[in-house]
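Following the hints, complete the assembly by docking chain B onto the known chain A.
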Amino acid sequence: MKFQIPIGPQHPALKEPISLRMTVEGEVITDADIRLGYNHRGVEKVAEGKNYIQNIYLTERICGICSHSHSTCFVQGVEKLMELEPPKRGMYIRYLVSELERIHSHLLWLGVAGHEAGFDSFFMYVWRDREIVMDLLEMITGNRVHYAINTVGGVRRDLDEAQKAKILEGVATLRKRSEYYLDLGANEPSFVARIAGVGLLSLEQVISLCAVGPTARASGWDRDVRKEDPYAVYDELDFEVATADTCDVLGRVVVRIKEVLEAYKMIEQMMKNLPDGDIACKAPRKAKPGEVVSRYEAPRGENIHYIKANGTDKPERLKVRAPTLGNYPATVEMLKNGFIADIPLIFAAIDPCICCAERAVTLVSARTGEESVVSTAELRKLALARTKNAPVKRNAVWPL
Amino acid sequence: MRIAAFLPELLRHLFKKPATIDYPFKKIAVPPGFRGTPYLRPELCIVCKACERDCPAEAIEISDVDPAEKRFRMIIHNDRCIHCAQCVDSCPTNPKAMQIDNLHEIAADDRHKLKAEWIYVRAVIKPKAAAPAAPAAPAAEPKA
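Chains A and B, in that order, are what the protein sequence lines are. To convert, note that position 129 of the first sequence is 128 in numbering that gives the first Met the number 0; the numbers rise steadily by one, no gaps. To convert, note that position 113 of the second sequence is 112 in numbering that gives the first Met the number 0; the numbers rise steadily by one, no gaps.
Rather than coming from a laboratory, the hints here were simulated on the basis of the structure. Every clue listed holds true.
Quick list of in silico lysine to aspartate or glutamate cross-link-like pairs, EDC-like style, CA-CA up to 20 Å:
hint, chain 1, residue 1, chain 2, residue 2
1, A, LYS285, B, GLU51
2, A, LYS79, A, GLU315
3, B, LYS15, A, GLU130
Pulled a few chain A residues facing chain B out of the computed Cβ check, cut under 7 Å:
hint, residue
4, GLN53
5, TYR56
6, ARG127
7, GLU137
8, GLY141
9, GLU187
Just so it is clear, CB atoms sit at the ideal spot from N, CA and C, and this is done for glycine as well.
Just chain A, same shape as in the assembly:
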């Protein structure tokens, strides 16, 4: 017997609102349907009304975890539009923050994976170690989450010798801890048994569904923008693209731990070869008419920003393709033939960042299921009517 289970938009297993409708036969999922649009913020429209400097901070707020990815992707594009050549030292500091962010994002995800697999002590220890990299980021940039270190033409803050020493010291501690976790993953049979064989996605499916990031690399598809289309400093760094061939959640854990280890290597190289000189060059306020596509390897996969300039100090159009959006079609395939109990684990394994990927809202009538397009004013009228008809709870009293 077939029936549908709605998971979300509000559900304890999900951290952000998204609607997953599972068609199940008994305990086995036969089909999945993902519906987006519960957390739409209209970021792209807001960007059209702000100048390039303001937009750096706006794009930074697309995501809370990979905030630096979005602002770097945007700034890279604007620098290309303005034909700027940012100084090398500035670039090294920018991509140093990038790699530190990758470490913090992957450690966060490792903790979440442990939590979803029921290994909560792992979650606590990984997150405690993540504090080290958070403190490093706070020391370099002045804030723990929204670093705001990018500016058009370079970065806003310089590094001194004491900070360099602290970064190297922090990275050495983290490397020891990450190696311990890699060893633990190989040795803890219950954890491995929970995540092995869950959420299978074959290499052919990865290619046909255009999966990105660690999800794709865990199926042996070694695509990484840093290696294929090396931007800024990545052609000067020696690193390997981490892959796994198990095609399941276990592979995604292994890829992320390996990537963290590669990031330590890159940070040490960057600290050793940090050139002298300026950290930023002077940037004009206006960009010449033109368009640009900027690519960036975010912790979750390839991030794409399209910017169109019209000669003023504001962009005419900003289009953001967050990596999570690229992974949704693959998620549907991963969920098929899985169990209901595996849904949170499989869904968490793509490291979903739901409100980064929200680009549209569909209005669906609850009664008829009809989809419609309405203006903001009409939507507001509908919302007001809804609250007016809701039962009044203002005068409710505590019955005891």
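Just chain B now, kept in the frame of chain A:
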């Protein structure tokens, strides 16, 4: 493969101090360069409005009070402020009229209490003298 590989690590931590601290009683110092709350040094401000133009959150508001006396009012809406310190970067004066301190515990029970307001006379920059113009004494005090 061995059972309970994590156990030694857990046992080792039984004899360690907690990683957390008793927050309201003990506090961790913020690092130097932390971006806290922005404030104005009204004796230095030349009212170029660069901070107002570049503020991503539109938290800075500069308006005329008395055009004849060149008296202006700046309001910083700390409830909207996103603490990016772009106003400090955009400020063209030297030393900078817009500054940021490391205060981060600025919560209030009403968003209007977070407003900071200054009424001041525009500073005049003398091209040679490095010292800024003397502050307009009675009006330069922050009101809120």
